[in-house]
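Chemist: Sequence:
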Amino acid sequence: MFKFSGKRPANLGAKNGKLAPVVNKPNNVSSQADVNDRAHYVAPLKFTGDAAAAFQKLLKLVQAQPRASVVTQDSQYLHAEFSTP
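For the sequence shown, the positions run 584 to 668 when my numbering is used.
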């Protein structure tokens, strides 16, 4: 089994409430990308109720996924990476 991984960008994370702009790669999507950019735009996740509780639920869902790895997290940001078999 081989694992090939690219170099992680240095500008990951939220800065002043915004994510870094998307780059022209097929595995790069963002809810903050231009809505007309069909290759990179994804709708934001919606939740009801308390934001902190919703974030914890999201974290648990990600952690339960096979081949998922939480790279960075704080109270308002979650960076997870998923690998393919």
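By construction, these hints were calculated from the structure, which means they are not laboratory data. Where a beta carbon is used, it is the ideal one built from N, C-alpha and C, also for glycine. Mixed in with the good hints there might be a few duds.
Unchecked claim - The calculated label-pair distances, taken between Cβ atoms and stated as ranges, are:
| hint | residue 1 | residue 2 | range |
| --- | --- | --- | --- |
| 1 | ARG650 | ASN619 | 13 to 21 Å |
| 2 | ALA635 | PRO668 | 30 to 38 Å |
| 3 | ASN607 | GLN639 | 32 to 40 Å |
| 4 | ASN599 | TYR624 | 31 to 39 Å |
| 5 | SER666 | VAL605 | 32 to 40 Å |
Claimed, not checked - Taking lysine to aspartate or glutamate and the DMTMM-like style, the derived pairs with C-alpha atoms no more than 25 Å apart in a straight line are:
| hint | residue 1 | residue 2 |
| --- | --- | --- |
| 6 | LYS598 | ASP657 |
| 7 | LYS640 | ASP657 |
| 8 | LYS608 | ASP620 |
Chemist: Go through the numbered hints given earlier and state which of them the structure violates, listing their numbers in rising order.
Modeler: Violated: hints 1, 4 and 5.
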